[in-house]
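The listed protein sequences correspond, in order, to chains H and C.
Everything in the first sequence is counted per UniProt numbering, starting at 1 for the first residue and increasing by one.
Everything in the second sequence is counted per UniProt numbering, starting at 1 for the first residue and increasing by one.
Since the hints were derived computationally from the structure, they do not count as laboratory data.
Please note: incorrect hints may appear among the correct ones.
[To be verified] No more than 25 Å apart at the CA atoms, straight line, and that leaves these computed lysine to any residue pairs for SDA-like:
| id | chain 1 | residue 1 | chain 2 | residue 2 |
| --- | --- | --- | --- | --- |
| 1 | C | 140 | H | 142 |
| 2 | C | 145 | H | 146 |
| 3 | H | 126 | C | 280 |
| 4 | C | 239 | C | 86 |
| 5 | H | 120 | C | 86 |
| 6 | C | 287 | C | 301 |
| 7 | H | 120 | C | 81 |
| 8 | C | 224 | H | 163 |
| 9 | H | 135 | C | 293 |
| 10 | C | 287 | H | 188 |
| 11 | H | 135 | C | 75 |
| 12 | C | 224 | H | 183 |
| 13 | C | 279 | H | 146 |
| 14 | C | 224 | H | 166 |
| 15 | C | 279 | C | 212 |
| 16 | C | 86 | H | 100 |
| 17 | C | 79 | H | 106 |
| 18 | H | 164 | C | 287 |
| 19 | C | 86 | C | 144 |
| 20 | C | 239 | H | 142 |
| 21 | C | 279 | H | 178 |
One letter stands for each residue in the lines below.
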Amino acid sequence: MSGVLSQTLTLFSRQNSTLCSLAVLSLQARQTHWQTTILGLRTSLPMRAEPKKKKKVDPKREVALRDRLKKKLKKLERVPPELIPIEDFITPTKYLDETRVREPPRLSFEESERRALLMKAWSRYKQEQHEAEMKTINDALEAQREALEELRLESEELYQAALKRDQRLFPYESQGPCYTPPIPGYQAPEGKFNDITKVHTQ
Amino acid sequence: MAAPVRRVLLCPLRRILTQIPCSGVASSGCRQLSVGLRVPAVQKPNDVVLESPSPWRLLGAVFVQRLAVISRDRSPIEKDFAELLKQTELERSLLADHELRLLEDAERVSRKQEEDYDSDEDSGQDIVTAQDLEDTWDQKLRQFKPAQRLTGSIQKQLLNSEADKKADRTCLERCLEDSLVLLVKEKIGSEDVWLLPQVQWENGETLRETAERALTTLTGNSIKATFLGNAPCGVYKYKFPKDVRTESCVGAKVFFFKALLGSGDIAPNKKGGHVWVSKTELQDYLKPQYLEQVGRFMVDL
């Protein structure tokens with residue numbers, strides 16, 4: 001609009017040299033950007049203030065957007081749980097100190113010989129012990145097998161009764177041998193203790 | 001039938017036992033030919049089941065064992081090897097805090113004894129050295145009295161009567177390192193015989209129940225034992241002397257059942273006598289063939 005008008009104005013200005021005055025007029029008229037021209041149609045404001053049409057896709061779009069955001073959050077939260085450290089496998093740093101290294105011993109020939117011979121004697125001793133144990137166990141099993149054979153010859157009914165499992169036997173508890181015999185009527189003293197074990201939660 | 005036969009049973013056990021071997025093959029073969037077996041109805045449904053009793057009398061016996069209460073002492077080679085292991089472990093280890101402290105103290109002492117020692121350099125530390133600590137610990141150890149391995153009464157016995165090895169074998173607190181087994185003295189025939197508590201089997205009960213009955217009747221109700229399973233652990237078979245043998249009863253089979261002693265002991269007023277013995281002492285009491293069978297399943301590990 002303003003472009004056309006300016007062109008007509010310039011045409012006029014060529015004819016009459018009142019270019020300057022017209023330009024000044026147009027400048028003075030344009031004080032705000034809302035006022036395009038005095039002569040222009042007042043179509044801009046009402047056109048822009050028209051109420052917005054609510055599109056039908058909008059709620060679906062919002063819901064879809066929220067789902068996508070949730071999925072992204074879940075992916076971020078899917079961090080694998082932190083592994084519980086095993087205390088035994090972590091060497092404390094104070095044992096990596098070099099000042100703690102013991103110098104290796106210098107063994108005499110006799111000492112090293114004695115050690116080697118003792119190890120051999122020990123393995124021999126253990127082998128004999130193991131063989132004796134196996135023999136004892138096998139003897140006991142053989143004796144039981146023969147007893148069951150004899151019983152079978154006697155009566156099948158008693159034999160079947162002997163083969164049944166003993167339901168009352170397990171769980172069987174018994175105190176094993178200690179270094180000193182148990183003191184009769186001993187009462188262990190009660191004491192308080194602070195449990196400082198570290199508990200890790202995942 | 002039970003009572004009279006039992007009285008006449010086995011006058012001289014030794015005679016029979018040396019004559020007849022204990023292996024089951026020959027006798028069982030003969031027995032099968034001569035006597036009809038008690039066959040269950042399942043196998044031969046058509047025939048009438050012959051209920052002819054076997055010629056062997058059944059007895060249930062109990063082998064009650066008190067397990068070891070204290071651990072055994074180490075044998076010489078075990079002691080040597082334990083020492084060797086300790087030494088090698090020490091040699092391969094790192095220095096402990098205490099040892100480092102000892103080294104520092106030694107160093108400090110050597111520095112003090114040098115000529116150009118400046119006492120202001122030392123930061124005025126405590127005078128309690130690591131060596132002092134070791135000395136206090138040594139003293140405490142000397143004052144500590146560990147518990148005795150042998151109970152007081154047994155120690156006295158050992159001191160008083162070492163020569164008499166049969167001193168009070170009825171006591172349950174002897175030989176704490178070994179497992180003990182109960183033997184009772186029974187009158188069989190005209191002879192007193194040491195054997196495991198046994199009782200005749202009665203119709204309608206399992207052999208394990210017979211063994212349990214043997215335990216309660218021959219020892220009074222004071223012993224509590226856990227029977228290890230329903231199956232017998234051993235058998236001892238013998239034939240009666242020829243004059244006692246009849247057609248229906250040739251000999252007897254004694255089935256042994258193992259039990260572990262829980263609590264309780266026999267009342268000392270048992271007539272005939274009872275004894276708790278370890279495996280090595282069994283030979284003083286049992287007859288050779290009986291001992292051979294019992295020794296097979298007595299585990300003394």
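Can the restraint linking residue 224 (chain C) and residue 163 (chain H) be considered satisfied, given a maximum Cα separation of 25 Å? holds, 24 Å
Is the straight-line distance between the alpha-carbon of residue 86 (chain C) and that of residue 100 (chain H) 25 Å or less? holds, 19 Å
Need the status of pair residue 86 (chain C), residue 144 (chain C): alpha-carbon distance at most 25 Å? holds, 23 Å
Checking one constraint from the list: CA of residue 279 (chain C) to CA of residue 146 (chain H), max 25 Å. Satisfied? Measuring from Cα to Cα gives roughly 22 Å; hence the hint holds.
Hey, residue 140 (chain C) versus residue 142 (chain H), does the alpha-carbon distance stay inside 25 Å? violated, 54 Å
Hinted pair residue 224 (chain C) and residue 183 (chain H), Cα distance within 25 Å: With Cα atoms ~21 Å apart, residue 224 (chain C) and residue 183 (chain H) stay inside 25 Å; holds.
Verify the proposed pairing of residue 279 (chain C) with residue 178 (chain H), using a straight-line Cα cut of 25 Å. holds, 21 Å
Just to be careful, I want the Cα atoms of residue 79 (chain C) and residue 106 (chain H) compared with a cutoff of 25 Å; is the pair within it? Given that 25 Å is the threshold and the Cα spacing comes to 23 Å, the pair holds.
If you draw a straight line from the CA of residue 135 (chain H) to the CA of residue 293 (chain C), is it 25 Å or shorter? holds, 15 Å
Just to be careful, I want the Cα atoms of residue 120 (chain H) and residue 86 (chain C) compared with a cutoff of 25 Å; is the pair within it? Distance of about 17 Å is within 25 Å: holds.
Would the hint linking residue 287 (chain C) and residue 188 (chain H) be met if the CA-CA limit is 25 Å? Distance of about 47 Å is beyond 25 Å: violated.
Decide if the proposed pair is consistent with the structure: residue 287 (chain C) and residue 301 (chain C), CA atoms, cutoff 25 Å inclusive. Within the cut-off at roughly 23 Å; holds.
Of the numbered hints given earlier, the model fails hints 1, 2, 4, 10 and 18; all others are met.
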